[in-house]
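**Q** Given the coordinates of chain A, work out where chains B and C should sit on it, guided by the hints.
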Amino acid sequence: MTTHSRHTAPARPLFEPAIVKRALVDAFRKLNPLHQLRNPVMFTVWVCSAFATALWLQALTGQGEARPSFILAIALWLWFTVLFANFAEAMAEGRGKAQAESLRAAKRNVKATKLAGPDRNGPSSTVEAPTLRIGDLVLVKAGETIPGDGEVLEGVASVNESAITGESAPVIRESGGDRSAVTGGTLVLSDWLVIRISTNPGETFLDRMIAMVEGAKRQKTPNEIALDILLAGLTIVFLLAVATLLPFSIFSVKAAGQGSPVTITVLVSLLVCLIPTTIGGLLSAIGIAGMDRMIQANVIATSGRAVEAAGDVDVLLLDKTGTITLGNREAVAFIPSEGVNIHDLADAAQLSSLADETPEGRSIVILAKEQYGLRERDIRVLDAHFVPFTAQTRMSGVNLGHREVRKGAASAIEDFVQAKGGRFPEDLRRRVDEIAMAGGTPLVVADGAKALGVIQLKDIVKGGIKERFAELRNMGIKTVMITGDNPLTAAAIAAEAGVDDFLAQATPEAKLKLIREYQTGGRLVAMTGDGTNDAPALAQADVAVAMNSGTQAAKEAGNMVDLDSNPTKLIEIVEIGKQLLMTRGSLTTFSIANDVAKYFAILPAAFVATYPALGALNIMGLHSPESAILSAVIFNALIIVFLIPLSLRGVKYRPMGAAQLLQRNLFVYGAGGLIVPFVGIKLIDMLLVALHLTA
Amino acid sequence: MNLQLRPALVAFLGLTVITGLAYPALITGLSKVIFPRQAEGSLIRKEGNVLGSELIGQSFTDAAHFWGRPSVTVGPDGKPLPYNGANSGGSNQAPSNPALKQAVEERIAALRAADPEQQGPIPVDLVTASASGLDPHISPAAAEYQVHRVAKARNLPEAQVRDLVRQHTEGPQFGVLGDATVNVLKLNLALDQAK
Amino acid sequence: MTHAWIQSFIFLGLVLAIAVPLGPFIAKVLAGERTFLHPVLGPVERGLYRLMGIRGDEDMGWKAYAWAIAAFNLLGIAAVFLLQKAQGALPLNPEGMGKVATDLSFNTAVSFTTNTNWQAYGGESTLSYLTQMLGLTVQNFLSAATGIVVVVALIRGLMRRSALGIGNAWADLVRTTLYVLLPLSAIIALLLVSQGTLQTFAASVKTTSGQVLAMGPAASQVAIKMLGTNGGGFFNANSAHPFENPTGLSNLIHMVAIFSIPAALCLAFGTMAKDRRQGWAVMAAMAVIFVAALSVTTWAEAKGNPGLKGLPVNQMVSTEQGGGNMEGKEVRFGAANASLFATITTSASCGAVIAWHDSFTPLGGLVPLWLMQLGEVVFGGVGSGLYGMLLFALVGVFIGGLMVGRTPEYLGKKIEAFEMKMASIAILLPSAAILIGTAVAVLHAPAVASISNPGPHGFTQVLYAFSSATQNNGSAFGGLSVNTPFYNYGLALCMLVGRFGVILPVLAIAGSLARKKYTPESVGTLPTHTPLFVGVLVGVVLLIGALTYLPALALGPLAEHLTLR
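Chains as they are written, first to last, in the working numbering: chain A, 1 to 695; chain B, 1 to 195; chain C, 1 to 565.
One chain only, chain A, in its complex shape:
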């Protein structure tokens, strides 16, 4: 997939040595049972491990139920199971922690110049950044670090925000408008800013970001809770199945008159093998890794809930400009009025645009050059006087002596021509309407009192965006284009870009209303926004991505911030959300499917002495009861390690319908989950025998 972020996945290898080292230490630290209590499945394994250890100690005194070495081997591998799960979680956290550390560096030792009043030359005091509260005013000069999140009250400055965004090119921050928000920890490079602090210490963007990447205050997400309940339910079922096996076995030994009741060691092993340790052990790693992938995509989510909701999104509201179309329009044709030579029109159009450095202006010059061979002329040589665009005149152009060449909106040029005593031709009026209807923007060119014709400007739909929308449609997601254009223009662009629907002449109120309508219909809506007037809609949307370049209000209303300020990011965010759920679902299926093989390994081993005929269930042909049980336990522990990369990277998402996706994942993780352990357990058994590690 195309991505615009700079911290994309390859930037940090999956197993970075430093992270692995720390994760290994953390894996042991997490053996604390209080930590395990959060996860019922792994807590069960912890208890089983402790129990097996106790059995081993008992066996050492000579009163054990089996050979001490066997019990020890089981106990060790049960502990490994816990450790491996801890390691997975620590790995996931470690990747976030590394990032958090670099963020923390930005926070350190910041001093602030606190102003007593809005006057920057007034009295001030130097304070520590963490003492600042909402409403405090600070002055930040070139070379200083901004002490906290806030709003620029006065001044213009270039700011280096690389500590947050990773982008080293400075950005402009100024009072008023959409570029007034500043983030604590970023560096003012030039000039100065008077800032009103807008968050209390501990709640700043930087703080939230650190907390998020560290996963420290990670709340379980709704789907995770539901899955936890299911896994706990399964754990209890297996606990029952295994615990009742002891009485069943005692009875069977009596009924058969041979063998001996199943040992606690075997029961404990069976229990750990059956309960869904694979998913249980990796569950929190998957969740943390999902957040981590968001961060890799340079998106900061305020909660795991938001990441999960991204996977459920049904409707994407996309701003036309910047997302669907390139920000700039391009001249595509010159259409002369009746009786006007097209070359004259092209010439006038080019003249009027020579000094126009806007992308539209450049495209007019280029079109004239390419289609009519008009070379670019040096504006100084012509002794021309450039007339810039103003909001009052709504025109721009050039004065060459008395010659006044203008281009602008049809109504503005009409006024201009009439003021000069000319007449606005009817056919031109029709042309203008036609262009507007086709989704273009008409610019009329006049030379003095004569309207020469119209330049057709067109929105340029981004390359590949249509295919992208088709993919989204296959995923079941509806795309809606939001634009300020009139309905006709909007419809034409919508058709060209392949969006499902559009909202034309969009006002903030209309946007909000549209979101509510979709939500009433039961749909989840995602949108991006940057301006303060987007804030209500952002607050209403289920997944709201604020641009980092946007205002503080927008950032607070959204539940994610895109550090790249890239509106197309929404699509990537949806995929990450889906990936998160898919990884959980697939590993759950895999984990449960594994149990079949484990039964075939352990049941015959446990009961062959009582009912020799049950040896027929040993279809893997495992060497001995002890090796069979040990192999199953080892497999159960190792599979967690093998699946750590998958749970950190996530199951690959493919844009296809739910039915195909399910079929694929069922095949890979369901059928795979049935078969893999048969092979794995057999191989481990062979290895144990080859190494003489088992009786």
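These aren't lab readings, by the way, just hints derived from the structure by calculation.
Predicted model, so just to flag it, every value in this text is computed and none were measured.
Heads up, some of the hints might be wrong.
Below 27 Å or equal to it, Euclidean Cα-Cα: the simulated DSSO-like pairs (lysine-lysine) are [said to hold, decoys possible]: (1) 462(A) <-> 420(A); (2) 186(B) <-> 101(B); (3) 220(A) <-> 421(C); (4) 517(C) <-> 220(A); (5) 101(B) <-> 303(C); (6) 220(A) <-> 652(A); (7) 206(C) <-> 186(B); (8) 462(A) <-> 369(A); (9) 309(C) <-> 101(B); (10) 111(A) <-> 97(A); (11) 46(B) <-> 79(B); (12) 32(B) <-> 206(C); (13) 63(C) <-> 421(C); (14) 28(C) <-> 421(C); (15) 32(B) <-> 186(B); (16) 517(C) <-> 274(C); (17) 369(A) <-> 450(A); (18) 152(B) <-> 186(B); (19) 28(C) <-> 274(C); (20) 254(A) <-> 369(A); (21) 254(A) <-> 152(B); (22) 32(B) <-> 46(B); (23) 206(C) <-> 79(B); (24) 79(B) <-> 99(C); (25) 99(C) <-> 85(C); (26) 513(A) <-> 517(C); (27) 97(A) <-> 21(A); (28) 652(A) <-> 462(A); (29) 466(A) <-> 652(A); (30) 206(C) <-> 46(B); (31) 206(C) <-> 99(C); (32) 63(C) <-> 517(C); (33) 220(A) <-> 30(A).
For each label pair, taking beta carbons as the anchor points, the in silico distance ranges come out as [claimed, not checked]: (34) 94(C) <-> 254(A): 40 to 50 Å; (35) 37(B) <-> 515(C): 54 to 64 Å; (36) 32(B) <-> 21(C): 26 to 36 Å.
A few chain C positions that, by computed beta-carbon distances, are all more than 10 Å from chain B [claimed, not checked]: (37) 57; (38) 72; (39) 284; (40) 531.
For each residue, glycine too, the CB sits at the ideal point set by N, CA and C.
**A** The following block gives chains B and C in isolation, referenced to the frame of chain A:
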């Protein structure tokens, strides 16, 4: 909380009257009119006496009658009372139960003793207890197995007995439902008649 | 074998032919719409409402609904218990049956109210005609109605949007009984009488040979016993008794009656969901498991008893004899019908039998046992089968939904933590009752003394009893002497857990779903009407069933099979 006692009681009593009294009474009344014989047990009567029901088997153990399925029903005293129409039931012996094998061996021995000349394998229904203990039927194979013994005991030609068996053999109902059967009581009554 | 399969397909065809019109009819009745029966039964319905002081269209929240069901069933338990205690002094008791022991009375009362119809008693030797009619027949109807209204409430929960109520329990019970159960029972009863099933108030008959023939109003009870998947026989031998089930045709009627309503309810679900495919998908999942199970039983029973190897016994299937494993089977049905019936009666939570499952081959007996342990969801009990299957569908949708990267939805309703909690409880409680019950029994000497067969089969007998009671089936490995205080009280407890431990979570889910918003379907939604989803559903049911019970089954039927083969 509204305990809804009134609707609960009324619904329960109302529906009890409808389904527990009105409904059985209605069915009994209709049956009496439409299917009087079937409703009262498909009894075989002779001169006012009830010989039995054509649906319920009876115990025959002498060589001159066809034997039915082994029955393991017990009497009120708990002692074996085959074909006890007041207490239906089967052996509930498992296939792996040695007692079942032993019972089958005893039944084989009894059949062999009654007709030492018959040495072929015995049809399974003749040595296994029925579910109800009242099974009125045996398979045609089981009847055929006994033709030699019955004919010999009665001094009748085998062909005549075999003919009688054929007359009392019914294929599966409508040609498909269930297996072919021979009604033992009716066959034996016909045999007694033929004498 | 061909003969066996022809009969099976005739059976399945008839079930389908009845379910297709019956399903929409049930949906109509429970929507309170007018049917062709209203001119006759409408006044009865309205009269009952007037006496109850309710209006049929008053909605209840799930808690009120659940309480109504509970109160109604508690009354049923009390009534059946008291009838047995007092039958000696009541009319319609030509055999002069005395009062029934307390533990047995309690067991029977619970058993019939929970739609289990476990028989620790022998019908013809314990109960008066009045007890059979006013106690047992009534509960045959009412427990069936209870199951149906609960699943209808669940479907309403799925369909309603942002609603608080899930219907009116009283109206649902009355409508189900009057318009669905009564007319169908009457038709079935008369069909059975035509074949020779008894329907008389006369006392027992003594023949000239001295044989005593027990009599009674059997057909009216047998009809609802099958139709309501109750299964409690009028006689001890249940449907193996020639007076209950005299011919091949009566047997077919028995079997079709068992599956009619469970199959029809699947289609009623499709009708109520305004998407018939949903109903067909659930039914297809049931049918797949059923046919697979049937194949195993039929094959195992037709092969005959391996224990008789070496004896001069012919167990071959031929035109001259049904053959196969004939111990505990009737000649008129043969091993093929016995296998079919056993699979049906344990797929559905009926529990009526035409052959003794205890005497089935190990694999032939494993299938009925496992079908019960799956939760009685393969067609299952009337209502309870479908709501059980819908619980599994929720679990399937949950895992499947995660696998396609979306918060799981079923019929547009999001499946979240509360639903998973309730579904887990509903699946967990019965498993716990079965496993713990069996574990206690095999360690309890008096309970072990009830076992009649040696070796692993003895263990299977106990496991079967607790599975049957908990899953409200009622069939038995009959050799186990269960008329003891331990089993009477223990199994009754399991029946209550298996019944209300599922009904209450189901109603809670219904209430929670009804309150939710509807999420429209899209390409990203996991479709729940496709063969793929049918596969997922089958997989979930089989996997949960296998994983929970495989160890126990290994020590019972599997060990017996592998030892005996």
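**Q** Can the restraint linking residue 220(A) and residue 30(A) be considered satisfied, given a maximum Cα separation of 27 Å?
**A** It holds: about 18 Å lies between the C-alpha atoms, which stays within 27 Å.
**Q** Has the given pair, residue 32(B) with residue 186(B), been kept, meaning a C-alpha gap of at most 27 Å?
**A** Satisfied, since the Cα-Cα distance of roughly 25 Å is no more than 27 Å.
**Q** With the threshold set at 27 Å, check whether the alpha-carbon distance from residue 369(A) to residue 450(A) stays at or below it.
**A** OK: residue 369(A) and residue 450(A) at ~23 Å, within 27 Å.
**Q** Within 27 Å, alpha carbon to alpha carbon, are residue 206(C) and residue 79(B)?
**A** 19 Å, holds
**Q** Straight-line Cα separation of residue 309(C) and residue 101(B) no greater than 27 Å?
**A** 10 Å, holds
**Q** Given the hint that residue 63(C) pairs with residue 517(C), does the C-alpha gap stay at or below 27 Å?
**A** Between residue 63(C) and residue 517(C) the Cα gap is close to 20 Å, so the pair holds against 27 Å.
**Q** Looking at residue 531(C) again, its CB stays over 10 Å from all of chain B?
**A** Answer for residue 531(C): holds, closest chain B Cβ roughly 31 Å.
**Q** Within 27 Å, alpha carbon to alpha carbon, are residue 206(C) and residue 99(C)?
**A** Holds. Residue 206(C) to residue 99(C) sits at ~25 Å (cutoff 27 Å).
**Q** In terms of Cβ atoms, is chain B entirely out of 10 Å range of residue 57(C)?
**A** The claim holds: residue 57(C) sits with its nearest Cβ about 14 Å from chain B, beyond 10 Å.
**Q** Determine whether the Cβ-Cβ distance between residue 37(B) and residue 515(C) falls within the hinted range of 54 to 64 Å.
**A** Check passed, 59 Å falls within 54 to 64 Å.
**Q** Under the criterion that the straight-line Cα-Cα distance not exceed 27 Å, is the pair residue 152(B), residue 186(B) satisfied?
**A** Holds, because 20 Å separates the two Cα atoms, which is no more than 27 Å.
**Q** Are the Cα atoms of residue 462(A) and residue 369(A) separated by 27 Å or less?
**A** Given that 27 Å is the threshold and the Cα spacing comes to 24 Å, the pair holds.
Hint compliance for this structure: hints 1, 2, 11, 14, 20, 21 and 38 are broken, all remaining hints hold.
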